[in-house]
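Asks: Sequence:
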Amino acid sequence: MARLALLLLSCALLMGSGSASRLAPALEELTTQYWEWRILDAPEYASFVGIHEHDHFLDDMSLEAYQRRLNQSLAFLGQAEALEDELTERVDLVNLKILKRELETYITGFPFKAETPATTSSLSLHKRHLLRVEQVLRRFTLICWKLYRDPDKLNFVLPLCYMEGIHTDFERLISWMVFETTEDFQKLLSRFENLPRQLQQIQQLMEEGVAAGIVNHAISMKGVAESLGRFVVSQAEDSPLWERFTSFPDSFTQEEITALQDQARQLILNEVSVKGYVLQEYVQSEYTTRPEIAVTSLPDGEERYAQLLSQSLFPQVHTSTSLTASEIHQLGLDEVARIEGEMAKIVEELGYDMTVPEFSAMIRNDSRFYYDNADDLLAGFQDLAYNVIPPKIPLLFTNIPTAELQVVADPSPDGVGAYYLAGAYDGSRPGIFYVNTYHYDAQPKYAMMTLSLHEGNPGHHLQGSHSIESTNMPFFRRAMEDRNYFQAPSRFPMNTAYTEGWGLYSESLGFDLELFGDPYDRYGHYSDEIFRACRLVVDTGMHDRALGWTRQEAIDFMFSHTAMSLVDVENEIDRYITWPGQAVSYKVGQLKISELKAKASSELGEAFDVKKFHDIVLESVGPLDVVEEEIDAWVAAGGGP
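Heads up: the sequence shown is residues -20 to -1, 1 to 621, going by mature numbering (1 follows the signal peptide of the UniProt record, and there is no 0).
In short, the hints are calculated from the structure, not lab data.
None of the values given here were measured: they were computed from a predicted structure.
Using N, Cα and C, we set each Cβ at its ideal position, and we do this for glycine too.
Each hint should be verified, as a subset may be incorrect.
Stated by the list, open to error - Listed next, the in silico DSS-like pairs over lysine-lysine satisfying Cα-Cα at most 30 Å (straight line):
id: 1; residue 1: LYS579; residue 2: LYS591
id: 2; residue 1: LYS592; residue 2: LYS577
id: 3; residue 1: LYS372; residue 2: LYS77
Unchecked claim - Simulated DEER-style distance windows between Cβ atoms:
id: 4; residue 1: ASP536; residue 2: ASN379; range: 42 to 50 Å
id: 5; residue 1: GLU272; residue 2: SER227; range: 44 to 52 Å
id: 6; residue 1: ASP536; residue 2: ASP218; range: 40 to 48 Å
Produce the complete structure using the sequences and hints provided.
Replies: Here's what the structure looks like:
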């Protein structure tokens, strides 16, 4: 019964009823239709969110499916435009603006020739809006045609890299599912049946990319073929997909278990393994990589990178600013100089007569700043997340989410140092802070506090959980799709500058929470902050054609300006090669949030309430300009409720 009650509550929230009282009926209907379509169109995303009625399907990754998404997005945008003159309440106008920006991000990033959009006859529009809707559809069809009539401009054709893809994401997808009934297991078996088709679609996308010269660099493909090889087995029990069929609820009979295992064995051996081998062979023997690391070396590279940095007419994807690559580069250099000055003060405070790079090299190679084994590293992070930080949070926040945070080991040799996975929206999965324990000897103790603030509380866990538990916004804003980075710039936005800007801003709250009493922890904080500033420099350095940095130049710059280990620096640089533009969002977002805080504090004086400021930022999920508008409105109202 408890499970059923939770499911019913979850469904009520997921269908948007949590915000029904705050939205105009027409807007509520539109946002609900949009959300229902998104969940139906992206069943893997639905599993992540906690909606399991589509768990037997996989995402359609065919070019035709991407075209259908464009057409449907155009139709939804037409509905949104038609509503604009009817709405008067601020909350409605803000939500409508964010919905339009979300749709425009997908539409203007779309690289293929636009076909005739989906008709509006199937949509619940009033007749008086049809003319305006048709005008909007024609306008955006023209934009897509004019910008992307060149067949060399393709998107979606980089579906595999060492950081994401079917070889890493399918096991994670399984972890998002529930397994309480035989029907639940049958849904997974259905996904096994559909997996060969998706593997074939992935290969077709890559073949399109090769034909157009839009391919990854070899660095981005390291280990991918080997990882795909894990699905190619002679015994089903050797496949990572078999693990879910090794344990079952106590209520299952032996007959049911045997039947499920037999089906899984047959599908793994005769379907998944066979098609997995075909894709592995293609990646290993036929797929070609680009010779230059710069994304701007691709046929559509200049426009692609500009779009990722959110320039010109394009809506936000990663940074939601209008800064050019050269401006971002200079901003990074300025921030590096400022932060290095703070680090120099700590070196002097500790009594050392050496430069910042010399001090960083000293502590980087000092064994006392590292754990001797993976278990101790994990325990150290758990102590910070469970015991040290939580009692401090009420100093700066009032509406503190109740969602659980777990700190879990990630033993992958190719994994990033740490990352956060939001909890499921049905309560079936807590928020998880993953710590890479394979390279336990590369994670310095002096950086652990800052990393914990960023990934856990008050960073991504508090931020993500606040969105999950919010009743003040429609659900399409509350459920960020933090996956499929390869689809950028044509994807539904992650609002990276907002989410990662908050994560980096949260690190700085360690001072207000009195968690940086140890000078080495403070040095670690500034080392992490300068690392994010370095991202602005090295990302643009490598991908802007005018700068033309090599991978080694980027490594040398970041290594000389941070206290990071060489392994960590190399991993970071390879990430920026693979996901151009994504990493610059952290610092840009943090600077904007800090700027808004300083501005509000200055204008409100004693009326400034930092807890209220944080509430408003957390409720303003979306592009940075929306956050700014909400803070400006609060200040204009005198900082009241």
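Asks: A separate judgement is required for each hint: does it hold in the structure or not?
Replies: A quick look at each hint next to the structure:
For the hint linking LYS579 to LYS591, the alpha-carbon distance of about 15 Å falls within 30 Å, and the restraint holds. Restraint check for LYS592 and LYS577: the C-alpha separation of about 11 Å stays at or below 30 Å, so the hint holds. With a C-alpha separation of about 36 Å, the suggested pairing of LYS372 with LYS77 is violated against the 30 Å cut-off. One distance hint, 42 to 50 Å for the beta-carbon pair ASP536 and ASN379, holds here, with the actual separation near 45 Å.
Range check, GLU272 to SER227: Cβ separation about 48 Å, and the 44 to 52 Å hint holds. Between ASP536 and ASP218 the Cβ separation comes to about 42 Å, which falls inside the hinted range of 40 to 48 Å.
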